[in-house]
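A.B. asks: Chain residues, written in single-letter form:
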Amino acid sequence: MQGDLLPKVARGDRDAVAACLDAYGKLVWSVARRFTSSRADAEDSVQDIFIDLWSHAARFDPSKCSEAGFVVMVARRRMIDKLRKVSRHPVMEDLSTRPMATGDDPNEAAETRSEAAVAERLMGELKPEQQQVIRLAVYEGSSHQEIADLLGMPLGTVKTHLRRGLLQIRAAMPGGVR
Amino acid sequence: MKPSDRLLDLLAARATEGLSPEDSLALEALLAAQDEIDAEDFNLAAAHADVALQALLGDEEPLPEMLRARIFVASVEHLPAPGKAKSGLLDWRNLGWLAAAAMLVLALWAPWSRESAPPSLAAERDALITEASDLIQVAWAPSAVEGYTGVEGDVVWSPSRQTGYMRFRGLPENRPTAEQYQLWIVDPSRDTHPIDGGVFNVPADRGEVIVPIDAKLAVVDARAFAVTLEKPGGVVVSDGPLLIVAPIT
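As you go down the protein sequences, you meet chains A and B in turn.
If you read the first sequence in numbering that gives the first Met the number 0, its first letter stands for residue 0, the second for the next number, and so on.
If you read the second sequence in numbering that gives the first Met the number 0, its first letter stands for residue 0, the second for the next number, and so on.
Hints listed in this document are in silico derivations from the structure and should not be mistaken for laboratory results.
Don't take every hint at face value.
[Claimed, not checked] Think about it this way: if two alpha-carbon atoms lie no more than 30 Å apart in a straight line, the pair counts; the simulated DSS-like pairs of lysine-lysine are:
hint, chain 1, residue 1, chain 2, residue 2
1, B, K1, A, K126
2, A, K7, A, K25
3, B, K1, A, K63
4, B, K215, A, K7
5, A, K63, A, K81
[To be verified] Which residues of chain A face chain B? A partial, calculated answer using Cβ under 8 Å:
hint, residue
6, Q46
7, W53
8, H55
9, M72
10, A136
11, L149
This one's a predicted model, so the numbers in the text were calculated from it and none came from an experiment.
All C-beta atoms, glycine included, are put in the ideal place defined by N, C-alpha and C.
Using the sequences plus the hints, can you model the full thing?
C.D. replies: So, in structure tokens, the structure goes:
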């Protein structure tokens, strides 16, 4: 069952590894593709992320976050560290014209859809400016200065929107601070 | 102490664009001075925002199947052994006591353990079929090679466990000192040559023979299993005819 896979992985359960790849492969693949400039880099990165995930699996605490959130956190941290090492920002495909999703993927696990639905609701509760800044910073990998230039906002305002928006999301998550 | 905006900005920056070495040091110092906020809070918030945006923006590309298989094979090598105990607790001074205790345990258990034989290959094969969620089971295709036209049976293989068994009925006896059967696993993702699946013998007068697969390399994407007859010990690359084949369709 999704949600208790990582503790099983931490105990060396190979079936749980396969289930994890099925449940979270798409999420991690998305992160890797957005943070890399080539498909080959993305493929290598996904493998590194999952190996990293297995070694951190025992640290997953369901009282603090969902399993999907933990997996994506490990993926993002790995990619951000990697980019920092090569001193450049992510070269991402232009996502601004991508249409909104129109329906559920029938192959996707119900719990992942539920997880996404909760996260979407959280995003929807943010102010439009916060949504815009978080989308650019989190999803499109723009630096804070790039966002300031793009939106014509002072850098301090960008940081404030990002800080408050992320705090609001965290507060609504399991174990969140308010 | 309430976290400062400077601390929160650094946490937000770490979760989105990363930090310079100088900012990382500054963050560590600020975190050490307060206990109101968990250092991972912003990373988790950014991760949840990422999940939401993937759904909102329709990021639907699945993990490529070949990549999934490659990661799985690599992953198996990095997993802890199931039920592996923590090491490092042994005190050499206790070894004498431990040895005595071990002898006592062996003395108590030996008569019983001799009665419990290891599971047969048939039982191990049945267990794999029951337990493996990703089991591949394929039949040997009818062979046109003289002497092998009546061979029947199948192959079961679990990619996640890298374990499998061949089952034969009607495979002719071989003379181990002159020749041995050798299994080959066709895996185009690994190499142009098939993977050596191990050598085996077939004794006379056995109705059904079960042989464990002994793949010498990790199998990522098996497409077929094939058997040849080779010199004793097998060969690295076979040029012999494929006696029987079990294609995975």
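A.B. asks: Does each hint hold? Answer for all of them.
C.D. replies: Hint-by-hint comparison with the structure:
{"no.": "1", "hint": "K1/B x K126/A", "in the structure": "24 Å, holds"}
{"no.": "2", "hint": "K7/A x K25/A", "in the structure": "20 Å, holds"}
{"no.": "3", "hint": "K1/B x K63/A", "in the structure": "20 Å, holds"}
{"no.": "4", "hint": "K215/B x K7/A", "in the structure": "27 Å, holds"}
{"no.": "5", "hint": "K63/A x K81/A", "in the structure": "26 Å, holds"}
{"no.": "6", "hint": "Q46", "in the structure": "5 Å, holds"}
{"no.": "7", "hint": "W53", "in the structure": "5 Å, holds"}
{"no.": "8", "hint": "H55", "in the structure": "11 Å, violated"}
{"no.": "9", "hint": "M72", "in the structure": "4 Å, holds"}
{"no.": "10", "hint": "A136", "in the structure": "4 Å, holds"}
{"no.": "11", "hint": "L149", "in the structure": "14 Å, violated"}
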